[in-house]
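Now that you have both chains on their own, put them together as the hints suggest.
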Amino acid sequence: GAVVSQHPSWVICKSGTSVKIECRSLDFQATTMFWYRQFPKQSLMLMATSNEGSKATYEQGVEKDKFLINHASLTLSTLTVTSAHPEDSSFYICSASGGVLGTDTQYFGPGTRLTVL
Amino acid sequence: GENVEQHPSTLSVQEGDSAVIKCTYSDSASNYFPWYKQELGKRPQLIIDIRSNVGEKKDQRIAVTLNKTAKHFSLHITETQPEDSAVYFCGNAGNMLTFGGGTRLMVKP
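Listed in order, the protein sequences are those of chains A and B. Residue numbers 1 to 117, in our numbering, belong to the letters of the first sequence in order. Residue numbers 1 to 109, in our numbering, belong to the letters of the second sequence in order.
These are computed hints drawn from the structure, not numbers from a lab. We put the CB at the ideal spot given by N, CA and C, even for glycine. Keep in mind that the hints are not guaranteed to be accurate.
To be verified - Residues from chain B shown here face chain A by an in silico Cβ test under 10 Å; the list is partial: (1) Val-87; (2) Ala-93; (3) Phe-99.
Stated by the list, open to error - List time: in silico DSBU-like cross-link candidates among lysine-lysine, alpha-carbon distance up to 30 Å: (4) Lys-57/B to Lys-41/A; (5) Lys-66/A to Lys-68/B; (6) Lys-41/A to Lys-58/B; (7) Lys-108/B to Lys-42/B; (8) Lys-22/B to Lys-68/B; (9) Lys-71/B to Lys-41/A; (10) Lys-57/B to Lys-55/A; (11) Lys-108/B to Lys-68/B; (12) Lys-22/B to Lys-58/B.
Excised from the complex, chain B in its bound form (with noise of 0.2 Å):
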């Protein structure tokens, strides 16, 4: 992967409401689009991750969708929770994995 840009930065939600954060990617190479949480002081955990030949992929409460033509993939969180309540990083491999530059998610009870 090359550079990947991610938005929001910062994303405040009330609790029970989706929350979707956004990655647009440059090298159409990419081929593999995880999706990793960082709580604070924490390690970086692997929460879902796509790969190219799919569109979609969901895990309870999270899911993960992929537009290849458009060279952007997204986040999407929904019924959120306070613990929910972290730092996301996109990113995508071709050769490399890049990530992007995170973006805070505050769920509010």
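The following block holds chain A by itself, in its conformation from the complex (with noise of 0.2 Å):
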């Protein structure tokens, strides 16, 4: 139990355009996702906690309009990074928790690697 997608696991766009990241839990309901970024070799940023239904609750320092969270159902969220620049490029990963399994508990999701030419 406790499954994580995310798709895609790897896009290259150009500079400007926008991309979308699915995050889906598969075997639960995920009252809350988070949404993650990560550096090479560095640790997890969290950009952003939404509930099912609600709007995202962004941290300090991350541009609501230009990454857009939807968490329209129990089992999908979306992360859209708009007009993307080089400076976007990096490792986002999400993660769920709730239902059955509790609210502590963070299940991940595989990543998705994002490289803006």
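In structure tokens form, the structure reads like this:
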């Protein structure tokens, strides 16, 4: 149990385009989903927290108009990087918690590597 | 959880030896302390966790100890194997989960 998938696993795009990343909880209902950014050899940096049906809560310094988060159902959250630029290139990882698994433990997706040319 | 500091940042041990990674935190309201293992290019995987009402928890070769008075908790890996090589992150949670900076563990065969 507690499987979280992410799609795509790797995306390369041109500067100025928008990229959507999907995060799905496959076998549990995720009342809360989290989006992280991870630079090489660094820790996980929380970008935002989203509860199903509510607006996401963004961490300080994260532009909400740049990183659009939607959590429309208990099994799906999306992160859209709008007008991507090379500095947005990073590893984006989602995690999910909730349902019968409780609210403390987060289960991570496999991550999406974004490369902006 | 608020800030959590993790040490060491890198750790190299010989196969069969023990490895210890320590984290300290500042938020006295923290009540949940997970440890994640992340292999290169892969997702963080929960390997063990502990709650504030317990002082120690063990699962085969891994164990976690918690000292709430001193506000630190540690991951202990015994009889290390090459496949234990990875980056380990501690976390602490009160109202939100915060991660330490990570420890790169290298187990030499």
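Hint check results:
Annotation: interface hint on Val-87/B holds; nearest CB of chain A at approximately 8 Å, less than 10 Å. With a cut of 10 Å, the hint placing Ala-93/B at the interface with chain A holds, because the nearest CB-to-CB distance is about 6 Å. Interface hint status for Phe-99/B: upheld, as the beta-carbon distance to the closest one in chain A is roughly 5 Å, under 10 Å. Of the supplied pair hints, the one linking Lys-57/B and Lys-41/A holds, its CA atoms being roughly 28 Å apart against a limit of 30 Å.
Taking the CA atoms of Lys-66/A and Lys-68/B, the gap is about 39 Å. The hint is violated against a cut of 30 Å. Taking the CA atoms of Lys-41/A and Lys-58/B, the gap is near 28 Å; set against the 30 Å cutoff, the hint holds. With a CA separation close to 21 Å, the supplied pair Lys-108/B and Lys-42/B stays within the 30 Å bound. Restraint check for Lys-22/B and Lys-68/B: satisfied, since their Cα atoms lie roughly 13 Å apart, inside the 30 Å limit.
With a C-alpha separation of about 26 Å, the suggested pair Lys-71/B and Lys-41/A falls inside the 30 Å cut-off, and the hint holds. Of the supplied pair hints, the one linking Lys-57/B and Lys-55/A is violated, its CA atoms being roughly 37 Å apart against a limit of 30 Å. Of the supplied pair hints, the one linking Lys-108/B and Lys-68/B is violated, its CA atoms being roughly 33 Å apart against a limit of 30 Å. Between the alpha carbons of Lys-22/B and Lys-58/B the distance comes to roughly 16 Å, so the proposed pair stays at or under 30 Å and holds.
Hint compliance for this structure: hints 5, 10 and 11 are not met, and every other hint is.
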